[in-house]
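Given next are the chains, with one letter for each unit.
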Amino acid sequence: MSGMVATRDAYGETLAELGAENENIVVLDADLSGSTKTALFAKKFPERFFNMGIAEANMVGTAAGLAAVGKVPFVSTFAIFATGRAWEQVRQSVAYPKANVKIVATHGGVTVGEDGGSHQSVEDIAIMRAIPNMTVIVPADGPETRAAIRAVATMRGPVYVRLGRNKVPTLFADDLPFVVGKGCELSAGDDLTFVTTGMMTAQAVKASEILAAEGISARVVHMATVKPLDQEILIKAARETKLVITAEEHSIVGGLGGAVAECLSECCPVQVIRLGVRDRFGISGKAEELLKYFSLMPEDLADAARGALAKR
Amino acid sequence: MKEIVAQLEEKARSLRIAIVKTLHKSQSGHTGGSLSAIDMITVLYFHAMRHDPANPQWEGRDRFVLSKGHAAPAQYVALAEAGYFPREDLMMLRRLGGHLQGHPDSKGTPGVEVCTGSLGQGLSMANGMAMGLRLDGRENRVYTLLGDGELQEGQVWEAAMAAAHYRLDKLCALVDFNGLQIDGEVARVMNVSPIAEKFRAFGWHALEIDGHDIGAIIDALDAARKVAGQPTVIVARTVKGKGVPFFENKASYHGVPPSDQELPLALESLGDNAR
Chain A
52 MSGMVATRDA
62 YGETLAELGA
72 ENENIVVLDA
82 DLSGSTKTAL
92 FAKKFPERFF
102 NMGIAEANMV
112 GTAAGLAAVG
122 KVPFVSTFAI
132 FATGRAWEQV
142 RQSVAYPKAN
152 VKIVATHGGV
162 TVGEDGGSHQ
172 SVEDIAIMRA
182 IPNMTVIVPA
192 DGPETRAAIR
202 AVATMRGPVY
212 VRLGRNKVPT
222 LFADDLPFVV
232 GKGCELSAGD
242 DLTFVTTGMM
252 TAQAVKASEI
262 LAAEGISARV
272 VHMATVKPLD
282 QEILIKAARE
292 TKLVITAEEH
302 SIVGGLGGAV
312 AECLSECCPV
322 QVIRLGVRDR
332 FGISGKAEEL
342 LKYFSLMPED
352 LADAARGALA
362 KR
Chain B
-5 MKEIVAQLEE
5 KARSLRIAIV
15 KTLHKSQSGH
25 TGGSLSAIDM
35 ITVLYFHAMR
45 HDPANPQWEG
55 RDRFVLSKGH
65 AAPAQYVALA
75 EAGYFPREDL
85 MMLRRLGGHL
95 QGHPDSKGTP
105 GVEVCTGSLG
115 QGLSMANGMA
125 MGLRLDGREN
135 RVYTLLGDGE
145 LQEGQVWEAA
155 MAAAHYRLDK
165 LCALVDFNGL
175 QIDGEVARVM
185 NVSPIAEKFR
195 AFGWHALEID
205 GHDIGAIIDA
215 LDAARKVAGQ
225 PTVIVARTVK
235 GKGVPFFENK
245 ASYHGVPPSD
255 QELPLALESL
265 GDNAR
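Listed in order, the protein sequences are those of chains A and B. Under the working numbering, the first residue of the first sequence carries the number 52, and numbering increases by one thereafter. Under the working numbering, the first residue of the second sequence carries the number -5, and numbering increases by one thereafter.
For the record, the hints were derived by calculation from the structure and aren't laboratory data.
So, partial list: chain A residues that the calculated Cβ filter (under 10 Å) puts toward chain B:
hint	residue
1	74
2	77
3	103
4	104
5	120
6	124
7	144
Glycine included, C-beta positions come from ideal geometry on N, C-alpha and C.
All chains should be modelled from the sequences, with the hints used to inform the complete structure.
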C-alpha cells in the first residue's frame, strides 16, 4: 500500500479490462481520450469507442440512446465539461429516464493546476448531487478507482465518477471490494472526525498523523460515495467525536461538506467545519501550490482541528 | 396504394379527433404542434415502423423518438390506438396519478423509448440508438421527429454532424416544419431556413415534402430506407393546428388546449360524427 497512481490511469486500464469482459460496454469521449485515458480502450476496441468531437451535449445524449438499446456507455471528458457544459443533458437524457450511463470525468478540482480557473471544476459534485437518480462517487486512489469502476459497470442506472489529473498516494489494497454508498473508516479516533472524499482523504490521513503526535485522536472517514451518503457511519462518527471537519477539492457549497452538513443538522447536530474552495473560482499554478493556496494541505486540516478543539 | 393512403388518412382524422378530445379534457398541453405532426406519426405507427404493441420491448422493433416532446398528445393517441395502453388512459393526460406525463417519459408509458421534452436532445438519443443497434448487427430503423423551432438548439447540429460522421443510414429524422413557435414565426424569432440545405451541408440526404400528404410521407420514408451510407432527413412542410380551421397557422394555439366553446366546433370541423 504505497506508491503514487493517478486515478485517471487506473480508470483507463480498468476500462480496457472491462471491455474484454463485457461486450456491451461502449466508450464515448470528446476529443480528450489521451487525457482521460479512454484511449487505452479505444486502441483495444476501436469499434466500441466513439470520439464525439468537442461536443459534450451531443455526447451525453448519444450515450443515453446507446443505453436505451442495451449498451453500457462510459462517457468521459474533463469534469467541468461533462457536468457543466452537458448538465441539462445529464439531467434530461440520462438521470430522468434512469439511463444506464456512466459519466466518468477526469481533471476534477483545483489540482488540474496550470490550466487555471476555466478548467478547474469546483462545482461538479454539487451539481451532479442535486440531480435525482444520480449516484456520485469520488475515489481516493488508484486501487479504489479500479474497484469503483468495476462496481459501477455492474450496477444499473446513472453514475457520476469524479477522477483527478495527478498522481495521488495509494491508500487502499488491491482487490478491495467497492460497495456503492458505503463510507469507510481509515483511522480510528475520538476527538474529532475528518470526513473526506477523493484525494483529500490522503491529506486527512496525514493530518491525523500530525495530530496524533500531539495527543489529538482524529478519526478519518472516507466517503467515496458522496451520494447516496453513508448516513450510518457519519452519524456514528458525529455522535462519538462531536466535531466533524469535511475536506474536499471542491467548493464548500453543495459538495461533500454540504451533504454532511445537511445530514448532521437533521440527524445529529454537532459542529461541522467545511474545508474546500471557499466559494470562488480556481487559479493557475502547480497542483501542490494550489493545495497550499486553498488551505487544503494536511497542516491546514490539522490547524482547523486544533482551532475548533481549542474553542471547546 | 390508394387504399392504404385512404385508410391512413382516415386514421389520421380519427387521431386528430382524439388529440382534440384529450387536450380538451386535460385543459393543458400543446394543440398546434400535435395537429401538425399527426400525419407523420400516423404513417410511422400504422404503416412504416415494425413494432408490436403487445410486446413493447420486442428486439426487432424500429425506434421512434419524439424529439419535439411537447407534441406528446400526438404520440399518445397513436400509442393508444395501436394498443400499447387503454384509450381511457388518455383522459389522464398531464394528471397526477396518470402515466401520460406532460412530455414523453419512458419510465411510465409503454411504447415511449426515452425521455424528451427539453428541446434539442432527441436526435442525439436517436443517433445513440442507431449506433448501438448497428453494433449488434441489427437492421432496426430509428426515426425521430423534430420541430422547426427546435432546430435553433445547437445540440441538434452537433448531432447532425455526428450522424453523418458515423454514417447512420438506419436513421431517419423528420422535421415538422410548421413555421411557428411560441413567440411567433420561426423566420422572425430566429430563422432556421434553409433547413434541407443545412442538413445537406452536414452530409445528410434531404427530402422535402408536404407533411400532410400521406402518400408523400409514405414515399419519403420508403426513399429513406434505400439510402446507404448517410442519414436521411425529411423536411415536411406542415400547418400548425392542421385540421381545425380556427387553430391553423396561429402561434397563439402553440400551448393552448381547446376550450369548452371551441370543442364542438373543432370536432365538427374534423367530422366527428360520434360526439
